[in-house]
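From first to last, the protein sequence lines stand for chains A and B.
Take the first sequence: its position 116, counting from 1, is numbered 116 in the working numbering, and each next residue is one higher.
Position in the second sequence (first residue = 1) + 119 = the working numbering.
None of these hints come from the bench; they were simulated from the model.
Note that the coordinates shown come from a computational prediction; the quantities given were computed from them, not determined experimentally.
One should not assume that every hint holds.
[Unchecked claim] Quick partial rundown of chain A residues pointing at chain B, CB under 10 Å, derived from the structure: (1) 35; (2) 41; (3) 49; (4) 53.
[Stated by the list, open to error] Stretch by stretch, here's where chain A covers chain B in the computed footprint (C-beta under 8 Å, at least three residues): (5) 256-270; (6) 278-284; (7) 290-303.
All residues carry an ideal CB built from backbone N, CA and C; glycine is no exception.
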Amino acid sequence: MISLEFLVASAIGVLVAGGIYLTLRGRTFQVVLGLTLFSYAVNTFLFASGRLVVDRAPIWSKTVTEYADPLPQALVLTAIVITFGMTALAVILTLRSFLETGSDQVDGDPKGKHEDDPS
Amino acid sequence: MSLADHIAIAPVVVPALAAPFALLVMRRRRWLGVTISFTSCLLMLAAAVTLLVMASDGVIRTYEIGGWQASFGIVLVVDRLAAIMLVLAATLSLLALLHAVVTETDRDGWHFHPLLQFQLLGLNGAFLTGDLFNLFVFFEVLLIASYGLMLHGQGSARLKAGVQYVIVNIVGSSLFLIALGLLYALTGTLNMAQMGLRVAAIGAEDQWLLRVAGLLLVSVFALKAALVPLHLWLPRTYAVATPPVAALFAIMTKVGVYSLIRVVPQIFGDGAGSAAWVPSPFLLPAAIITAIVGFSGVFVARRLSEQAAYAIVGSTGTLMIAVAGWQTDTIGAALYYLVHSTLAGAALFFIADVVARRRGSFSDTISSGPVFHERQSVALLFLAVAIGVVGLPPLSGFIGKLLIMGSVADAPWWGWAWAVILATTLIGVIGFARAGSAVFWKEGPVTDDAAPARVARSDMAAAVIALCLMGALSIAAGPVTAYGEAAAMQVMNSANTVDAVLGVG
Chain A
1 MISLEFLVAS
11 AIGVLVAGGI
21 YLTLRGRTFQ
31 VVLGLTLFSY
41 AVNTFLFASG
51 RLVVDRAPIW
61 SKTVTEYADP
71 LPQALVLTAI
81 VITFGMTALA
91 VILTLRSFLE
101 TGSDQVDGDP
111 KGKHEDDPS
Chain B
120 MSLADHIAIA
130 PVVVPALAAP
140 FALLVMRRRR
150 WLGVTISFTS
160 CLLMLAAAVT
170 LLVMASDGVI
180 RTYEIGGWQA
190 SFGIVLVVDR
200 LAAIMLVLAA
210 TLSLLALLHA
220 VVTETDRDGW
230 HFHPLLQFQL
240 LGLNGAFLTG
250 DLFNLFVFFE
260 VLLIASYGLM
270 LHGQGSARLK
280 AGVQYVIVNI
290 VGSSLFLIAL
300 GLLYALTGTL
310 NMAQMGLRVA
320 AIGAEDQWLL
330 RVAGLLLVSV
340 FALKAALVPL
350 HLWLPRTYAV
360 ATPPVAALFA
370 IMTKVGVYSL
380 IRVVPQIFGD
390 GAGSAAWVPS
400 PFLLPAAIIT
410 AIVGFSGVFV
420 ARRLSEQAAY
430 AIVGSTGTLM
440 IAVAGWQTDT
450 IGAALYYLVH
460 STLAGAALFF
470 IADVVARRRG
480 SFSDTISSGP
490 VFHERQSVAL
500 LFLAVAIGVV
510 GLPPLSGFIG
520 KLLIMGSVAD
530 APWWGWAWAV
540 ILATTLIGVI
550 GFARAGSAVF
560 WKEGPVTDDA
570 APARVARSDM
580 AAAVIALCLM
590 GALSIAAGPV
600 TAYGEAAAMQ
610 VMNSANTVDA
620 VLGVG
């Protein structure tokens, strides 16, 4: 039986690995996907920074003595909103850039345009 | 709480109100939006100067937002360092605004003024906040606004550079969040003052984690400050941005430097165990290489705006050489040079625009074209600003570099610092001389498409004012350096900030 910590940690690790790989690719769509994966990983990581606990109340209650940390949830919420907005901006920007320059390479170089593009 | 205490939050509230109002009225009445923008910047300057005077008594004032006690709520901290940065941001915003309105670049898109105000909201917030997560949020505010401003005027070159700029900064923000998560997991707080206290209690088995968090955080700030090897995004972005925007961005790299000066002594000071002064071994070599790369860029740049962008990189390097000393006098010297280099960098972007507007298709390329309108006065202005940027007397760059060299003279690595500062000054002088002689001295063949444009002389106003400010900075060097030294003392003595924020004693 694997522990909760191992599960969350490896999930974050896999997401980060995928995110970094895709972010380093040359074409903007893959980079945007990579950024999204990376930000998922960051959000999960932030969530875990208040320690992983099961079945605890985050808000005060008479019957409870042990609590889950409520702050990381607020932080994650803020981070999700910001990264979501950023991702939307990145999508629009890369699309605009593609339409305007005719290249979907991050460096704006048109030479790689048809390399792995079947159409 | 009297009304005077609320001035602390004015630099954040004023642009936050001005931006949506400007956005609402601009569609119908453009002049009203411009008025709102100017009024807001003037109010910000007034508030910042008031705070500067208030902070000169050495008391660290705090402002608890919503009356929530510090460490639970968000706290703003007004000390000398924050006041200096606020005044600088307000001054620079007025210059950028003036240039944008005079040259009518604010008409290239609909949202220049609201975006400018949001940018200032982020900048001022970042300078004031005493909470690490809040710092992240204000960083995001200023970045989001800067994405919009950077793309102002559009065009494929801007879009291309914009994509890279946005991607680099999103990755930077993610790293910031990881560092924040680590620090929160280790200390259980996000308040910088409290974090500084709690890092001392971290056990030996978690020290490595604290070091990782510290280095990540420092890397993010180094990315914002454009230190080598994290500088590659800057030259291209700044060179293609609309000139007033590029001038305003001169303070963006300084936000990274500011954050380093704020966070490292506070959290990773002497009390942080094995993580004490964790960036020190890396910061000095990075700063030295940054200065060399930046001024070499000045030497090889093909356009004046590109040259200005590299000058920003180089001056950040010089600045970081002083900061990397982590002594009261080195940081004091750095603060003087920080103010100077921001103004000088902005002036250089203004001049590049003034030249570009007069040379038709030659634009601001460093090449010889036909004689253009008011060539002599523009040349004189370029000469004066270039003198300021590279640090020749009599302007403030000379005093700044002298102060930095004096302050690092006791450090064991002073030889490196002196050699690099002097050598890069020489490279800078040659680079600007080359650009100046190509653009202003030699005459190229007259071509039809390069018909010299006649433009109103008023577009030199922002550059002239920036130049005057540099002059004033060198005349008032005594009081300014004294203030900078006192600010550095406040920052390095983090126990005072802790007392002020957490209300101990």
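So, against the hints stated earlier in the document, which numbers end up violated here?
4
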